[in-house]
Amino acid sequence: MYIEGIILDGLNKLNMNRSIFGIYHILFGKKSVQSVQDASLFQLETYYGIYPTLSREHYVRIISKMKEDGLIEQASKDNHFTITNKGFNYLKSFHKTSIYQYINGLIFQGKDDLFLLRLYLLIQTYSNLHRNNNTFIPIVDNQEVMNWVKQFYRNHPKTTTNERLYAEMHQLLLCLTEKEAEFFVDRLTGYKYYGMSMDQLAVKYLLTRDDAHIFLRGITHQLMTQIVGRKEDYPILSQLIVEQKQRKFITDTAAKTYQLLRENYSIRQIAQMRKLKENTIYDHIIEIALYDENFSIQSFVSPNEQVEIISIIQRLKTYKLKQIKEHCRDSITYFQIRLVLARWKELLPEEARHD
Amino acid sequence: MIKTGTLENQLEFYFGYKTFRTGQKEIISRVLQGKDVLGILPTGTGKSICYQLPARLQKGLTIVVSPLISLMMDQVKELRATNFKEVVALNSFLDFNQRKRIYRSLHQYKLLYVSPEILQQKELQHYLAKQHISLFVVDEAHCISQWGHEFRPDYQKLNQVIQLLGHPPILALSATATKDVQQDIIDSLKRPEMEKLIYPMDRSNIALSIQEVSNNEEKLERITSILSKYQVPTLIYFSSKLAAENVSIFLAERLPNHRIAFYHGGMEQMDRIAIQQQFMNNQIDVICCTSAFGMGINKNNIRLVFHYHFPSQIESYIQEIGRAGRDGEQSISILLYNRQDEFLPRQLMDSELPSDEDLSRVYRIIGQSIASKKAFPTDLTEFPLFFEISETQWRFIQAQLEKHGLILENSLQYEQSKLTKIFQLIRTIRDERLFFKQRKLHEMINWIQSESCLREALYTKFQEGYTSVDDQCCSICGINLQNFQPEEIQPHKVLASWEMKLRQLLVVGEQHETK
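Protein chains in written order, with the numbering used here: chain A, 1 to 355; chain B, 1 to 515.
None of these hints come from the bench; they were simulated from the model.
We treat Cβ as the ideally placed atom computed from N, Cα and C, and that holds for glycine.
Check the hints yourself; a few may be wrong.
Over the 10 Å line for every Cβ pair with chain B, so calculated as not near, a few chain A residues [what the hints assert, rightly or not]:
#1 19
#2 155
#3 192
#4 200
#5 273
Simulated crosslink set (DSS-like; lysine-lysine; CA at most 30 Å straight-line) [claimed, not checked]:
#6 B:501 / A:231
#7 B:229 / A:192
#8 B:77 / B:122
#9 B:501 / A:111
#10 B:85 / A:192
#11 B:461 / A:192
#12 B:299 / B:25
#13 A:150 / B:100
#14 B:157 / A:179
#15 A:192 / B:440
#16 A:13 / A:67
#17 A:150 / B:110
#18 A:204 / A:277
#19 B:18 / A:192
#20 B:440 / B:157
#21 A:204 / B:241
#22 A:150 / B:299
#23 B:440 / A:150
#24 B:299 / A:204
#25 A:30 / A:65
#26 A:13 / A:30
#27 A:67 / B:77
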């Protein structure tokens, strides 16, 4: 139900501008300029990286099943799909689910798994310590997380921590529906008791494996949203969330390019100095434009050129690079079009965008 | 600390057991005299005491080579819980700094667990060579032998390390080693004088049943009807992940009062731990699993072991049924045999070893890469993808290339003249290996089809004689299920709401319970 809803939502927003695999790359959280740019351009940020264990093979199976069930239709040979009427109804009911409201991929991507692992091990640890049991098989077999919990324990001896942890958890879970809270607590491990595996949860809550995964992901994002929004109410749990890092997606190599740009080297000079192709430097600049809003693109694409590109995008109602390029004057490059697309949202008022 | 007194006193002092189990005392006294020993002890009879007690009693460091990281970790955890803190495990999970720290403080430890791969590291060898090694233990020693059921190429290099460490006394341990494999172990370790202490591996409390069926539906019927009579800890072995999952779902529908789950190597790490530990805690009654389940599982009241598919060799079968009845109580093993099942292991075998086509491709790619000066992956784990072969196939080729010096220090060396010859050799070895595996499979099928006492036919391959069983022997001699009255599991009560569960986890409970 959830995975299909998300794919339909993606198809709807991509509006034939990308093949069906555009959505896959977003769900999987592919760390490429194109996928991050797509997520932002088509307003699919909330789905970015929410299903990192999804294999391409399995994704293809989901798509064929959706086709079989009459939710989508193949529109062209190169993997473009459209939504059927049945599909639109399905999408409407997906929009009414709490998971649709909860899920917030780009913000929590990467941090959500760490939050969960820390929480699982923290609860198991304090549950055992509470019964004076110092040896147990940790449910999380990850040295980094274990070290974190040990460190936490050093700062929080057990006397009152259990009560406080319970109070915070209880307060927090009240923001969920009964079923969601039940699901989440069933996953937890404690003293002489091990929580359910994802497969067991899927069976108990009548979900497919994919939906169980997304259900948990959505719940987790909702919990994190609550904690981040009211840190003072969650002195323990807020420690489980790592601080937002600035420009999370900028790669080391793009950062080097950025440094050289700030030292006023030209693209050609940077390419020579770094022994890279100029095209690679272009990719870096797109990446920088996406993640640093203070970075000015004026020197690469003039205001006049920007206006021209934007008007063509609006007229053609497309984000396809090739089509846009064909309608622009010859001097405008693919790089310039991509830069404008990267800044699309800033450049136009909300109502002028087509999605 | 007790320095004098009988071995029994020391056993009780350090481990809390009053008496030794079969074989332990004989092995330990030989070890303490500094003799080399090959000990064959059945699974679940406390092999590890054979080196853990000497490690505590002797000066210097005891090194244990163990093939399974999870097994090492469990043992370290258990030993630390008994207040033996001078114990540590070195494995690939540790990061560089953690490893470094352990290397520098080796003198503080009495017992060191290592994987055979890590023991090949020059840096570790350098630090170990400075220590006084009181005992070198080769656990699961059958991994040394190419003809063992779990060959690990790095085990064959142990001898070089032993030399480097100044020839400490050796203790080699295994639960399943045929006479050939025993000889291989002794040869590979280069200790012809090694004393063999072989203890019977037959388990008289496990009744052996083989039931021939004509299709899978019939298998499911048999399992359902037996399980509906007994709610006891049960394992059901499968040769495929998908079958394990599907049957688990089917059985859960048919037997709503049973708590049934599946387990295989394709699951995420956390879910694997969860299912294993739920089973240990009696939260689950039945596990549908592949052979990935069971190593290092120390549950002593497993009563039923089914084989929905039979394994491809007798050693695996003995190990799998050996997980039943570790407490000595009556348990039953039931193998469901359908003649068509014979195709499965054959298919598996073919896919594990490189085909002629695979070998020519790898050979060609190496040649081409050299000619075009294309770099090889720097990481050995990337080779399977590079050569378009499976991991198991690559491991096989890698072992052969290493043996002939074409892989040194984790990178591929290249000499055209050698390469051609070695690939011809690899092909021959592959054929031998395939032939060997087919022979093992044949042996397994022969046993399944035997018409005399199954117990006798199973165990005399490994040892002289066996203990005969009057009442519940095997499906040939007769099993009387009426007399099988195992203790049933009392399921935990399930709490009604998430709030109660959360309270139970964090704040409710007997505050002063010890362990």
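Taking the hints in turn, this is what the structure says about them:
{"no.": "1", "hint": "19", "result": "holds (25 Å)"}
{"no.": "2", "hint": "155", "result": "holds (18 Å)"}
{"no.": "3", "hint": "192", "result": "violated (6 Å)"}
{"no.": "4", "hint": "200", "result": "violated (6 Å)"}
{"no.": "5", "hint": "273", "result": "holds (24 Å)"}
{"no.": "6", "hint": "B:501 / A:231", "result": "holds (25 Å)"}
{"no.": "7", "hint": "B:229 / A:192", "result": "holds (27 Å)"}
{"no.": "8", "hint": "B:77 / B:122", "result": "holds (27 Å)"}
{"no.": "9", "hint": "B:501 / A:111", "result": "holds (26 Å)"}
{"no.": "10", "hint": "B:85 / A:192", "result": "holds (24 Å)"}
{"no.": "11", "hint": "B:461 / A:192", "result": "violated (41 Å)"}
{"no.": "12", "hint": "B:299 / B:25", "result": "holds (24 Å)"}
{"no.": "13", "hint": "A:150 / B:100", "result": "holds (21 Å)"}
{"no.": "14", "hint": "B:157 / A:179", "result": "violated (56 Å)"}
{"no.": "15", "hint": "A:192 / B:440", "result": "violated (41 Å)"}
{"no.": "16", "hint": "A:13 / A:67", "result": "holds (18 Å)"}
{"no.": "17", "hint": "A:150 / B:110", "result": "holds (25 Å)"}
{"no.": "18", "hint": "A:204 / A:277", "result": "violated (54 Å)"}
{"no.": "19", "hint": "B:18 / A:192", "result": "holds (27 Å)"}
{"no.": "20", "hint": "B:440 / B:157", "result": "holds (25 Å)"}
{"no.": "21", "hint": "A:204 / B:241", "result": "holds (21 Å)"}
{"no.": "22", "hint": "A:150 / B:299", "result": "holds (29 Å)"}
{"no.": "23", "hint": "B:440 / A:150", "result": "violated (48 Å)"}
{"no.": "24", "hint": "B:299 / A:204", "result": "holds (26 Å)"}
{"no.": "25", "hint": "A:30 / A:65", "result": "holds (24 Å)"}
{"no.": "26", "hint": "A:13 / A:30", "result": "holds (19 Å)"}
{"no.": "27", "hint": "A:67 / B:77", "result": "violated (51 Å)"}
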